[in-house]
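Trainee: In case you want the letters, here they are:
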Amino acid sequence: MEPGVQELRELEKCAAEVRLQIVQAMGPGKAHHFGGSLSAADLLVALYFYKMRHRAREPGWPERDRFVMSKGHGVPALYVCLARAGFFPTSELAGLKEFGSSLQGHPDMRKTIGLEANTGSLGMGLSVANGMALAARVTGLDYRVYALLGDGECQEGQVWEAAMTAAHYGLDNLTAIVDRNELQAMGRTEERMSLEPIVEKWRGFGWRTREIDGHSMSEICTALDDAARTRGAPSVIVAHTVKGKGVSFMEGRPGFHNAKLTDEQYRNAVAELEAGIASLGG
Amino acid sequence: MAGLKATRDGYGEALLQLGQEEPRVVVVDCDLFRSTRTAAFAEAFPDRFFEMGIAEQDMVSTAVGLALSGMIPFANSFAVFLTGRAFDQTRQQIALPAVNVKLAGSSAGITQGPDGATHQSVIDVALMRSLPNMTVIVPSDAEEARLATRAAAEWEGPVYLRLSRYETPVWRDGGSAFEIGKAEVRRAGRDVSLIACGVMLGRVLEAAEALAGERISAEVLNVHTVKPLDAEAVLSSCERTGAAVTVEEHSIIGGLGSAVAELLTEGAGKHIPLRRLGVADTFGESGLADELLAKHGLTAEDIAAQARELVGNRAG
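Chains as they are written, first to last, in the numbering used here: chain W, 1 to 282; chain G, 1001 to 1316.
Calculated directly from the structure, the hints in this document are not laboratory data.
Predicted model, so just to flag it, every value in this text is computed and none were measured.
Note that the Cβ used here is the ideal one computed from N, Cα and C, for glycine as well.
Treat the hints with care, as some may be off.
To be verified - Take a look, some chain G residues computed to stay more than 12 Å from chain W by CB distance:
1) Glu1013
2) Gln1017
3) Ser1035
4) Ala1042
5) Ala1063
6) Gly1113
7) Trp1155
8) Glu1184
9) Glu1209
10) Ala1233
11) Ser1236
12) Gly1254
13) Ala1261
14) His1271
15) His1296
16) Gly1312
To be verified - If you anchor each label on the Cβ, the simulated ranges turn out as follows:
17) W:Phe99 x G:Gly1174: 51 to 61 Å
18) G:Pro1023 x W:Thr90: 33 to 43 Å
19) G:Gly1174 x W:Gly170: 57 to 67 Å
20) G:Gly1174 x W:Ala31: 52 to 62 Å
21) W:Gly60 x G:Pro1228: 20 to 30 Å
22) W:Asp263 x G:Ala1261: 53 to 63 Å
23) W:His168 x G:Glu1291: 34 to 44 Å
Stated by the list, open to error - Derived list of chain W stretches under chain G, where covered just means 3 residues or more per stretch with a C-beta under 8 Å from a C-beta of chain G:
24) 96 to 110
25) 117 to 124
26) 127 to 137
27) 154 to 168
Bound conformation, chain G alone:
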């Protein structure tokens, strides 16, 4: 386990590798190339990096033109601006005709931290997930982000990568296989399924460890691809354990929690109680990432408590 890293760092490393391997990869950015971690690509491949100025709508449509001319463009900004400000461009020109643009929404979620609610995207997954033809990936650590970025480049069609500036340990083995649309059992368990995406995975693993000390056996599912959701993996886990908790640093409306709720409601062979942990239909605010996660009930202790209660209710 190396030092702490953010998913955006893994993304930047992958872009640099892709730049060397794949001449069709180009990068567009809106005056944030240090934050979005595209600076190394810009320096190494100045002819394939295009500064677009502070103009997200223009950037996204320009990426469309690049893609339609055979390039594999990665379009970058803070997630809140990329998905919000350029939503119509994304809907009309990327999702509708299924154009091969990769959208990288950086500094996503409440872990964006001190810049406050205006800069914290808590509905970006909801927006992107609602678009037909869009694939939505939320990597959980830097190594997974690196693999996801490479997979996105190979994937033919629109992809939204949700990236964070929140630094965590790297749990994923370097070189392990990553497949878009395939959820991973990170810890096997019998009593409850803890379903996580993004930087919440570490806290969920901690919660599972704590629950194990109380003889509650929690299964941990890493659902890095929120769309298309790995229905088979999620259903099989939840039907086996009989209870589910989803964990994301995103609104509980429209993100992973909603996706799982939709699946369990229509797809499960029996009733499976579900708790959705995340940002409960509100906006963020300034603060350190850890302070904000605590406020929204997203510490390992909170997650364990919710799982304990759910399992206890069922036992009772």
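Pulled out of the complex, with its shape left as it was, chain W reads as follows:
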């Protein structure tokens, strides 16, 4: 079950390419959520190209694993993964957030093939994932459900309502992942509204917790495998990440939560991401 060295390499290279495609889709001169898309790229690649069962040609396949992008503003990273997985042509990425595009600024499941729910108003995705996990019990299907939450998003009260529900029903077919990049729109989470001790909070709510480096493909894959083997309780993976990961001038900078790149910044970002791919043997 554990991914081999070669598979990890492939996944790492895929994530590096995904980062480049995110930045290319966003381009210069337009406001985009760079930071939270880049911080989540490794997590999404592990989900879509290592862990989850899905069929691009049959998006409604009843036995597919479900993924809910609760941190809806990070959806460009998901769009890239869905395109790479074959849900829609990669050429559509160029229309990101544009008028008439299938790729809306926040997830609209009726416009984009492969999206499982509407999210973007924060705090709602985990509840939706719970509903999907409960439905699996009614229908007897053995799919798993995944939800990706932003760390700042955990300031929404509904997240903790949903955390109670998942634990109450012992939803062991559910894995939540918190993209712990420590930044939110207006600054550091611990300065805006403290989240720590965040792992203890989830544990206190009855979840099995794992804390990982959210940019280590081997740690991500292992944590996803461990979570899938857990019985009797839902699992949460608190993934420590860097907002803007892969573009050094964005890394750890709250200003790139939602930002416009100058032409020069854009060229530098693309060059750095291309060099990253090359260093992985791309």
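Put chain G on the given structure of chain W with help from the hints.
Mentor: Just chain G now, kept in the frame of chain W:
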């Protein structure tokens, strides 16, 4: 005519029937299963009933997840909490993507009674009616609620059912056809159209009877579906009678009265004077349902008086 029953009772009976007939029907509730009348379903189908605790936002989004996985979820709470507290979840995740969730707002309106203004939803229809893709149904008695609930289960898309705890006789014939979006002429008349929804229908029928004694012929329209409004039926009645009175135990802003006013303003071929009876841009308070209805001018006598005045004005 059986004994007194509330629309919530008809809803609970329908859920139980649906549970037997339709395995995709599931129920979520927020610690109110006695009040919302989902207790019988919970007992009969424990694997398809999910207690969500006192957490309306989580309940509504969970219902979305259930619906997106092929279930037909009915989400329950008091109307005031369901539509108010979980409005954003309903807007973003049910109405916008047109997800097949049924929202059952119980103990709606001022007939909620003694719990007071905090628990009386007087703008729930306004909130739900403003949402694209949302169907809004306000059943008038227990039998109609039963039929409406079954129709909602068959309807593909979001539905808001406004339910009351106020007990009334059952006027509707058991087994009569119910169609979402089709208003019903409950009494034919020539001089004025009395347009009602929900538990006000009984009082409106009484008012029409009283007016008949004064040689005023009132037509009574039961508009159980406030959205989509049956424009053809409402316009045809109002253009024939030339005057309209709407009656609802809801704010006159945003509910049935507003819907009819919007229609008559833009759609009618002539000017039709309209009076909107209901809660006049204020909140409720504690009291018995009948006391509160009287305070807000919603007795049969009040309704008849308004209609009489309107018809008299026109004659003059």
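Trainee: It remains to establish, for every hint, whether it holds in the given structure.
Mentor: Results of checking the hints against the structure:
no. : hint                             : verdict
1   : Glu1013                          : holds, 22 Å
2   : Gln1017                          : holds, 19 Å
3   : Ser1035                          : holds, 20 Å
4   : Ala1042                          : holds, 14 Å
5   : Ala1063                          : violated, 6 Å
6   : Gly1113                          : holds, 29 Å
7   : Trp1155                          : holds, 18 Å
8   : Glu1184                          : holds, 33 Å
9   : Glu1209                          : holds, 48 Å
10  : Ala1233                          : holds, 31 Å
11  : Ser1236                          : holds, 35 Å
12  : Gly1254                          : holds, 22 Å
13  : Ala1261                          : holds, 31 Å
14  : His1271                          : holds, 41 Å
15  : His1296                          : holds, 34 Å
16  : Gly1312                          : holds, 51 Å
17  : W:Phe99 x G:Gly1174: 51 to 61 Å  : holds, 53 Å
18  : G:Pro1023 x W:Thr90: 33 to 43 Å  : holds, 40 Å
19  : G:Gly1174 x W:Gly170: 57 to 67 Å : violated, 43 Å
20  : G:Gly1174 x W:Ala31: 52 to 62 Å  : holds, 60 Å
21  : W:Gly60 x G:Pro1228: 20 to 30 Å  : holds, 28 Å
22  : W:Asp263 x G:Ala1261: 53 to 63 Å : holds, 54 Å
23  : W:His168 x G:Glu1291: 34 to 44 Å : holds, 41 Å
24  : 96 to 110                        : holds (count 3)
25  : 117 to 124                       : holds (count 7)
26  : 127 to 137                       : holds (count 11)
27  : 154 to 168                       : holds (count 7)
Hints 5, 19, counting from the list given before, are not met by this structure.
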